[in-house]
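Visitor: Order-wise, the sequence lines are chains A and B.
The numbers in the working numbering rise by one with no breaks, and the one at position 1 of the first sequence is 1.
Counting from 1 along the second sequence, just add 263 to a position and that's the residue number in the working numbering.
Just so you know, not all the hints are guaranteed correct.
EDC-like cross-link-like pairs, simulated, lysine to aspartate or glutamate; straight-line CA separation at most 20 angstroms [said to hold, decoys possible]: (1) A:Lys253 to B:Glu277; (2) A:Lys98 to B:Glu421; (3) B:Lys352 to A:Asp26; (4) A:Lys98 to B:Glu277; (5) B:Lys352 to A:Glu82; (6) B:Lys353 to A:Glu221; (7) A:Lys254 to B:Glu421; (8) A:Lys202 to B:Glu336; (9) A:Lys254 to B:Glu321; (10) A:Lys253 to B:Asp476; (11) B:Lys290 to B:Glu336; (12) B:Lys477 to B:Glu421.
Here are the computed distance ranges between Cβ atoms for each label pair [as the list claims (entries may be wrong)]: (13) A:Arg255 to B:Glu498: 31 to 41 angstroms; (14) A:Ile99 to B:Ser377: 46 to 56 angstroms; (15) B:Lys386 to A:Ile24: 28 to 38 angstroms.
It is worth saying that the hints were derived from the structure and are not from the lab.
What you are looking at is a predicted structure, and each value in this text was computed from that prediction instead of being measured.
Glycine is no exception: its CB is placed at the ideal position from the N, C-alpha and C atoms.
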Amino acid sequence: MNLNKIYALGLRHIYLISNSFPRILDLIYWPTVQIFLWGFISKFFTLNSEYYSNTIGVILTAAILYDFLFRASISFNMMFLEEIWSRNFTNLFIAPIKISEIIISLTLTALVRTLIGLIPAAILAVPLFGVSVLTLGPSLIFLLFSLYLFGVTLGLLVTSGLLRFGPSFENIAWASLFFLAPLGCIYYPIEILPPLLQIIAKALPLVHIFEEMRNILMNSEINQFNILKSISISVVYFVFGVIIFYISYFGAKKRGTLINMGE
Amino acid sequence: MFVQIKNLTKIYKEYLAVNKINFEIKKNETIGLLGPNGCGKTTSIGMMLGLITPTAGEIIIDNKNLNTFKRDEILSRLNFASPYVELPKKLTVRQNLEIYGRLYGISNLSKRLSEISSDLDIKNFFDRKTGELSSGQKNRVSLAKSLINKPEILLLDEPTASLDPDIGDFVRTYIQEYKKQNKVTILLASHNMNEVERLCDSVIMMKKGKIIDKGTCESLIKKHGRNNLEETFLELARRNDES
C-alpha cells in the first residue's frame with residue numbers, strides 16, 4: 001500500500017474542488033437546504049406530534065445523519081464519474097496504482113467531500129433550531145462510521161455498475177439511495193413497515209442506526225448491541241461491495257471497456 | 264528481446280479483434296504499428312497496457328509476463344499518450360503533472376516537472392487549466408505526462424493526430440531527440456506514414472486483427488515494389504486477402 005499514490009489520487013479531487021468556487025458552494029448548498037427544510041418540519045412535528053413531543057430535533061438529527069450517508073455515497077460516485085467525464089480513465093488505469101489504492105483513496109476523499117458540505121450545515125442547525133448532533137454523545141462517532149461505510153459501499157456498487165454498463169449507468173448513481181431510503185426507517189420506527197419489509201429492512205444497517213439514534217435522543221439510553229450490529233452489517237456489505245468492484249473491474253478488462261470509457 | 268508478444272488474441276463475443284499476433288521489440292527500438300481503422304491496433308495496445316485481458320497469448324516485458332506479474336510494477340516502467348485520452352480539464356497543467364508524477368512515484372518531482380516543462384516548452388501555460396489549452400498545447404502536455412516517469416517503454420497512439428504541421432513537426436522532432444538522449448523502447452501506432460518513416464526502425468502492418476507484414480520501411484517498400492510507405496500501406500490495406 002503506497003500512501004503517496006493514495007494521496008495523489010485524493011489530491012486530484014481536492015484540486016478539483018479548490019479550483020472552483022461553484023463546486024465548493026455546491027457541496028455546502030444542498031446540505032444547508034436540507035437543514036432548513038427538515039429544521040422547520042422538525043419544529044412543526046415537535047409542536048404537533050405526540051410521538052416527538054418531548055424530543056426536539058429527532059427529525060433534524062435524522063436528516064443530518066441521512067445526509068451524511070447520502071453525501072458519502074454521492075461523493076464516491078461523483079469522483080469516479082469525474083474520471084469518466086474528463087476522459088482520464090485510461091490514464092488512471094494505466095498508472096502503477098493498485099485497485100485497492102484507488103478504492104482507499106476514493107473512500108477517504110469521499111469523507112473529506114462529505115465533511116466540507118455537512119460540517120457547516122450541522123453547525124448552522126445549532127443557532128437556528130437549537131439542535132446539535134453532538135447530543136448523541138460518543139455514540140455519534142460509531143453511528144457515523146457505520147453510515148459512512150454503508151454510503152461508501154453503495155458508492156462501490158454504483159461504480160461497479162459504471163464499470164460494467166458504462167456511463168449510461170450514471171442515472172442509477174443518483175437513484176440508488178432514494179431506493180433504499182424507505183427501508184432505512186430514517187424518520188419513522190420500523191414498526192410502520194409491513195412485516196415482510198421489516199425483515200428486509202433489518203438486513204440493512206440503516207434501521208439499526210436510526211433506531212439507535214431515536215433510542216438515544218428519546219430514551220436517553222445507549223444500546224451498544226444495536227450499534228455493534230449496525231457496524232457489523234455495514235462491514236459485511238462493504239466487503240461485498242469491494243468484491244463486486246473487483247469482479248466488475250476484471251469483467252471490464254475482459255470486455256475491453258476500460259480503454260474507451262468516456263462520455 | 265525486451266518485449267515479446269506471443270500468439271496474442273482477443274475475441275469479443277463472436278468478434279475476432281486480434282488474431283494470434285506475434286512480434287518482438289528490441290530494447291531502445293521504435294516499432295510502428297500500422298493498419299486501417301478497426302484492424303486491432305488499439306486493442307493490441309490496450310492489452311499491452313493491461314487495460315484489456317487477452318483471450319489467449321502472452322505479453323512478456325523484460326522477461327516478466329504481464330498477465331501474471333504484479334500489475335503496478337510493470338506499469339511503472341511503461342507510459343502511454345494518445346489524443347483520445349485526456350487529462351482532467353479543470354486542473355492546471357502543473358497540478359495534472361504533479362498528480363501523475365506522484366502516481367508514478369517520481370523522486371524529486373519538482374526537478375522533473377521543471378525539466379519536462381522546459382523540454383516540451385509548456386512552461387508559459389503551466390498554471391493554466393488543461394481544458395483551456397489548444398490542441399497542440401494539450402498534445403504536448405499529454406506527451407509530458409507520458410514521459411514523466413522516463414518510461415522504458417512508451418506506447419504512442421497517433422501522437423500527432425489533429426495537429427498543425429508546425430506542432431506535429433515539433434512533437435516528432437522532440438520524440439527523435441528524446442530517443443537519442445534516453446533509452447526508450449517505443450511502439451507507435453500512426454496513420455501518418457511520413458511520421459512512421461521518420462521515427463520507426465521497423466513497422467508491423469496489421470489488417471483484420473492479423474499481422475500481414477513486417478520489416479523495415481525500406482524493405483517493405485522494396486518488397487511490394489512501391490515508391491514510399493504510404494503506397495505500400497495502401498497496397499496492403501486494399502489487397503484482397505481471399506485471393
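Visitor: All the hints need checking, so say for each whether the structure fits it.
Guide: Here is how each hint holds up against the structure:
1. A:Lys253 to B:Glu277: holds, 17 angstroms
2. A:Lys98 to B:Glu421: Distance of about 28 angstroms is beyond 20 angstroms: violated.
3. B:Lys352 to A:Asp26: Within the cut-off at roughly 19 angstroms; holds.
4. A:Lys98 to B:Glu277: violated, 31 angstroms
5. B:Lys352 to A:Glu82: Measuring from Cα to Cα gives roughly 10 angstroms; hence the hint holds.
6. B:Lys353 to A:Glu221: Cα-Cα ~49 angstroms, so violated.
7. A:Lys254 to B:Glu421: violated, 24 angstroms
8. A:Lys202 to B:Glu336: violated, 44 angstroms
9. A:Lys254 to B:Glu321: holds, 15 angstroms
10. A:Lys253 to B:Asp476: violated, 28 angstroms
11. B:Lys290 to B:Glu336: holds, 18 angstroms
12. B:Lys477 to B:Glu421: holds, 19 angstroms
13. A:Arg255 to B:Glu498: 31 to 41 angstroms: Given about 35 angstroms between the Cβ atoms, the range holds.
14. A:Ile99 to B:Ser377: 46 to 56 angstroms: For A:Ile99 and B:Ser377 the Cβ distance comes to about 32 angstroms; the hint is violated.
15. B:Lys386 to A:Ile24: 28 to 38 angstroms: The hint (28 to 38 angstroms, Cβ to Cβ) holds, given that B:Lys386 and A:Ile24 are roughly 29 angstroms apart.
The structure does not agree with the numbered hints 2, 4, 6, 7, 8, 10 and 14 stated previously, though it agrees with the rest.
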